[in-house]
Amino acid sequence: MTTTTSRPTPPVSPTGQPQRDHRIGRERPMGGFELWMWLFMRISGILLVLLAVGHTLIMHVPDGGVSRIDFGFVASRWEYPFWRVWDWMLLSLALVHGVNGLRNITLDYVRRAGTRFAINMVFYVLGFAIFVLGTVVVLTFDVSKWPGVS
Amino acid sequence: MAIRARKSKDDYGSIYKGHEGQWSWMLHRITGVAVIFFLFAHVVDTSLVGWGPEAYNRVTAAYENVVIRLLELGLVVAVLYHGINGLKITLIDFFPSLVSRIRSVSLVFTSVFLVATIWVAIVMLQQVWDLYQLEEVVVGG
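Going down the list, the sequences are from chains C and W.
Numbering-wise (this note's numbering), the first sequence opens with residue 1 and increments by one.
Numbering-wise (this note's numbering), the second sequence opens with residue 1 and increments by one.
Rather than coming from a laboratory, the hints here were simulated on the basis of the structure.
Careful: at least some of the hints might be erroneous.
[As the list claims (entries may be wrong)] Negatives, chain W to chain C, calculated, CB over 10 Å:
id, residue
1, Val33
2, Ser47
3, Leu114
[Unchecked claim] Derived, one-sided and incomplete: chain W residues facing chain C with beta-carbon distance under 8 Å:
id, residue
4, Ala34
5, Ile36
6, Val43
7, Asp45
8, Tyr56
9, Val67
10, Val76
11, Leu87
12, Trp129
13, Glu136
[As the list claims (entries may be wrong)] Here are some of the chain W residues that sit facing chain C, going by a computed Cβ distance under 10 Å:
id, residue
14, Pro53
15, Thr90
16, Val123
Each residue gets a CB set at the ideal place from its N, CA and C atoms; glycine is no exception.
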């Protein structure tokens with residue numbers, strides 16, 4: 001029997017059907033890289049509830065929501081290293097969490113290994129480029145480059 | 001095979017093999033995909049702050065319309081759902097004995113999500129309404 005995924009084969013019942021409790025989610029991987037990613041999704045997920053849900057509520061709920069956001073808003077926010085660290089952690093954790101989520105989905109729906117590899121590579125390259133762009137901007141932003149603007 | 005033949009369609013729930021959990025599983029995927037694709041775009045638009053006020057303010061001004069604001073409500077609800085449902089998944093994965101009380105656990109998390117969604121929807125729809133009236137004044141005047 002050949003498998004199309006690198007995922008460990010689930011336990012097989014005497015009838016030959018894979019045994020799985022459908023009341024619970026994705027089965028925990030047996031070990032190695034997949035187990036670490038399984039754990040990462042949960043740990044980063046807990047942190048992202050604070051970082052991502054917090055970020056969206058801060059931006060969209062108080063003081064008329066996003067209509068108050070302009071260059072000056074970002075500039076005064078990024079005067080505080082706290083918000084730069086928050087935004088950079090949100091950027092990196094959400095990207096790895098999201099791209100790994102996309103990888104899990106392609107594992108479920110894209111059967112051919114070559115096609116799956118190609119689709120995943122697009123997400124990895126895109127995710128890495130976005131990570132570099134966001135990191136450079138959040139680290140190098142310097143409001144004194146635009147005198148007179150606050 | 002023999003066992004499958006004896007089962008009727010009802011044994012598998014409403015569609016294929018799912019129980020109630022299939023809906024939260026499906027919503028978790030859909031909201032997750034929506035949020036990561038938004039994130040790709042959002043990092044690009046926010047990175048324009050590195051090119052100065054003119055570039056950044058031009059982009060944020062483009063977000064100032066009623067349709068985009070309604071889509072943003074959808075985004076916030078998607079983030080809320082994915083986050084709250086993700087906490088449920090994590091809780092059950094780390095405390096598997098809770099599987100026997102999955103219905104109560106789901107009820108608690110769904111209630112938290114619904115309360116949060118109603119609150120956010122009231123606040124954000126009020127903002128959309130204010131913007132709509134502002135737009136009418138601009139167009140009318």
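Hint by hint, here is what the structure shows:
Some Cβ of chain C comes within 10 Å of the Cβ of valine 33(W); the nearest lies about 7 Å off, and the non-interface call is violated. Not every C-beta of chain C lies more than 10 Å from that of serine 47(W), the closest at about 4 Å, which undercuts listing it as non-interface. The claim that leucine 114(W) is not at the interface with chain C holds, since no C-beta of that chain comes within 10 Å of its own (minimum 15 Å). At about 10 Å, the closest approach between the beta carbon of alanine 34(W) and any beta carbon in chain C exceeds 8 Å, and the interface hint on this residue is violated.
The beta carbon of isoleucine 36(W) comes within 3 Å of a beta carbon in chain C, closer than 8 Å, and the hint placing it at the interface holds. Here the hint on valine 43(W) is kept, as its CB sits about 4 Å from the closest CB of chain C, short of 8 Å. Checking aspartate 45(W) against chain C by beta carbon gives a least distance of about 11 Å; that is not within 8 Å, so the hint is violated. Interface hint status for tyrosine 56(W): upheld, as the beta-carbon distance to the closest one in chain C is roughly 5 Å, under 8 Å.
At its closest, the beta carbon of valine 67(W) sits 14 Å from a beta carbon of chain C; the interface hint therefore is violated under the 8 Å criterion. For valine 76(W), the interface hint holds, since its Cβ comes within 8 Å of a Cβ in chain C; the closest pair sits about 5 Å apart. For leucine 87(W), the shortest C-beta to C-beta distance to chain C is roughly 6 Å, which falls under 8 Å, so the interface hint holds. Checking tryptophan 129(W) against chain C: minimum C-beta separation of about 12 Å lies over 8 Å; hint violated.
Taking 8 Å as the C-beta cut-off, the interface hint given for glutamate 136(W) is violated, the closest approach to chain C being about 16 Å. For proline 53(W), the interface hint holds, since its Cβ comes within 10 Å of a Cβ in chain C; the closest pair sits about 4 Å apart. Satisfaction of the interface hint for threonine 90(W) is found here, the shortest Cβ-Cβ separation to chain C being roughly 4 Å, below the 10 Å cut-off. A hinted interface residue such as valine 123(W) counts as satisfied when its beta carbon comes closer than 10 Å to some beta carbon of chain C; here the least separation is about 5 Å, so the hint holds.
In terms of the numbered hints stated before, the structure departs from hints 1, 2, 4, 7, 9, 12 and 13, listed from lowest to highest.
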